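Going down the list, the protein sequences come from chains Z and U.
Under our numbering, the residues of the first sequence are numbered 7 to 591, in order.
Under our numbering, the residues of the second sequence are numbered -13 to 445, in order.
Simulated from the structure, these hints should not be mistaken for lab results.
What you are looking at is a predicted structure, and each value in this text was computed from that prediction instead of being measured.
Among the hints, a few may not be true.
Label-pair ranges, simulated between beta-carbon atoms [unchecked claim]:
1. Z:D569 - U:D437: 20 to 28 angstroms
2. U:E36 - Z:K121: 46 to 54 angstroms
3. U:G85 - Z:E356: 27 to 35 angstroms
4. Z:R423 - U:T(-7): 34 to 42 angstroms
Virtual Cβ for every residue (Gly too), placed ideally from N, Cα, C.
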Amino acid sequence: MSQAKVIRVAGPLVVASGCSGAKMYDMVKIGQLGLIGEIIELREDQAFIQVYEDTTGIGPEEPVRLTGKPLSVELGPGLISSIYDGIQRPLDVIRSREGNFVTRGIELPAINREKKWDFIPVRKKGEAVAAGDILGEVEETALVRHKIMVPDDAGGRIKEIKGGKYTVEEVVARIETAAGLKEVRMIQTWSIRKQRNVNKRLMPDEPLTTGQRVLDTLFPLAKGGTACVPGPFGSGKTVVQHQLAKWSDAQIIVFVACGERGNEVADLLLSFPELKDPRTGRPLLERTVIIANTSNMPVAAREASIYTGMTIAEYFRDMGYSVALMADSSSRWAEALREISGRMEEMPGEEGYPAYLASRIAEFYERAGKVICLGSDERHAALSVIGAVSPPGGDLSDPVVQATLKVVKVFWALDDRLANMRHFPAINWLLSYSLYSENIKSFLKNKVAEDFSDLRQEAMLLLEEEAELREIARLVGVESLSAKERLILESARSIREDFLHQNAFHPQDTYTSMRKQYLMLRSILHFHHQGLRALEEGRTLESVLALKVRERISQMKYIAEEDAGLLGVYLEIDGSFKNLREGQE
Amino acid sequence: MYKEYLTVSNIVGPLLIVEKIREVKYGELVEIETAAGLLRRGTVLDVSTERAVVQVFEGTVGLDVDRSRVRFLGRSQTLGVSEEIIGRVFDGSGRPKDGGPQIIAKKQLEISGNPINPDARDYPSEFIETGISSIDGMNPLVRGQKLPLFSGSGLPHARIAAQIARQAKVLGKKEKFAVVFGAMGITFEEANFFIEDFRNTGALERAVLFLNLANEPPIERIATPRLALTCAEYLAFELDMHVLVILVDMTFYAEALREISAARKEIPGRRGYPGYLYTDLASMYERAGRIKGKTGSITLIPILTMPEDDKTHPIADLTGYITEGQIMLSRELHRKGIYPPIDVLPSLSRLKDKGIGAGKTREDHADVLNQIFACYARGKEARELALILGEASLSDLDKLYLEFSDAFETEFVRQSEFDARSVIETLEIGWRLLRLIPRAELKRIRLEYLDRYYYERNK
């Protein structure tokens, strides 16, 4: 190794000379402390290094050690339930070793080396395997069976494979390949900036259900799709992200807290072991990996954190799982990019962001998708990505928002006017969109209800009409509207308040199944249809609106997840209108 | 002794450039001796093999290129702490300002601090009763939270902050409590208001003050909040105290940061503020919190004046993205003569949900809070409508909402500066107002609570 040394320090940027032979994005270690950094520019023998730790106390002449390897993550059993910083250092282990504050120069393996896992082979000696084939399984948690796959360069014939208890570094199989005998261990490493290989990409066609009514019914995300949640502060971005992490029906969740609040990460860490997965009853933490680089942790590690999370997510996808990655917030990542770019004195683009901002964002979201994994069994898997964006002042013309909207297919627009009225989730139904509604139509038809898409369409139409009618009412007063129009206003209000409004902190309301969503919406619209009919038959609007059953509709969200109660509301609506017609109410 | 350099080549704004240096480290503390023999201090912002860029805390007025002597001290800026620090007043660089002796330090702490390991954080969940209805009832504060006051020039933020410092307590507990006060660039009068208020209520004995006034060097302000927070960390996590940190005024802090950035010719972000303003603010705000296994806590109330009351201004905007909510003051309420002029609609406390409810405040708190928000928002909408079309054009229901929102402002929000309402009193006022609205309209409240607390008005 050549003798490289520091020649300049400016915040998170360090310049070193004597780095001939170094490659772009190689990892380096700086000074006596061995601070971890990554080469982001090379000029002759000088390397520009972004350092993932605080550089206070580093000065010229200090040694720089070139590792010759790119910044990588470790992949293998032991990832689930972990909490890592932006460059995959285990924060729980750091805490038990170094105390309550994160100090510098810590080097720890990301995956526990001592723990023994029970490896159960699914293939036999003598069988031919290709890259990506599953050799065996490890029960990592009750929720996750960790698949041990043939590494990309190790396709061939199995010479030896044996079940039993192993640490991640022990050899579990030997494969005879064209290039000689390869040993397979449960752990592997992968460069964070390199996309993991797949066999083929597919079109997303299945919804990722989240239990959030406004999302599932009005603006669905498909498994393997991408979504973006921009909004000003206080509009509930983080609550939406947390709700998705808790309730979405992905099998693995990777949550990247990128430059956000420490207390929010604490909330995740304290609530996930207690929250139960609605499908299995096991703690949610047993399917979750958390990457936490809070806003006060080093800025360069924030830049790396979303790639660390993405690589881990891709690894689980390769096993055939449906994975969801949440990044909160991509604006903080972009700001880290801007800060480093500024220190390198690059020519800035819009708002001081580097010119390559848009291409980096596109590259990131493009790593999502529904795929056929590597391997001969052609298993399907999906990686969905949901990115929060925090535009300054809630201004959607912000370069990060604009660059994100160009690539994502679902847009959940948070609106602080709704948040001020405490309408949560504060997702504006007129601005948001989903381009997956068509893709998943047949799925909904077969799995939820024949008329689900029609109901959705009608609800959207009512909300649209409401906006127009309110505009008119604002100008000329409510009295000038016809009874029918006022019923539309009331029904739209019912959709907003009784259906779209959802309290994340209410034990019953926090999650709604697709079936219940369907039944709720059906009842609300049924009341609307019956109301219209009653008006046509000459009843007054007041008598329709005075029906007691409306209170039942408004309390539907608190009814338990079973058909009886919900169908009861539907029947009660029929009964109420029957009485109305017969003059009893 | 330290090596002295006489090799200053440039002085630009608050920055000093020293040439031909050896073994200088990034972030190192620097001492500068002027031609007249006065000492100033600074810190290294950028270092390369030939030169170092030094930011001078006390400003560069009176420094010259030829005769300034520069010494690099081999350590970063620290604060000496011990139990004696409580009850003392310091200047913006941590030197005693009350005529008392230097602190005999038990420990030297680096003021930049280390980030709290997210895994070590305990979630804030203890409700703090401030005695102010619009905070306790609508945007409750919890221990370990960072909740800024977004104010504007001429609004009574200082009085509100002092009232919180005076009245704040955790229900049913008697604990060691301290206030750390950091002032950046505020006037003597404003600083004096706090000191007198602390003195009159006896709070001064359990307070630590760091004061950088408007006529003192702006660059010193970069260090002041960090000194305050370092002191708070010591009190909270080593002496097991519950610390309330008040920082005024963050706007002046950010302006000092901008001045340095401009002098370094950095590429500016929005409105000339440096691109790293978010990270810089976060490195301070995030020092609030609680740690598992520790008794003490740091609750942080930064105060900032929004230029032109614009909450999209970078300082307010970035603060809002880091802090756990905000208390927004309203000029409109202030003009109506309502104290405290807290506009509850754009205000928010993100951590409230874990701090309220049965066993903490009262079971119905969350529902009541949501319902009042919804009713008040609708009432304000009705008021706007009435302005355009006249009150007669409102529906009967809207008139009720209008009545509600007026009563809310005058009975719920308004209270005296020395009125410490219990949270139960606050909730009872809330229910009294909600009874103006028909029961079927109160959709945000669970039926069981309606049954328990809502009864018809004339019964």
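Task: Hint numbers contradicted by this structure - done: 3, 4
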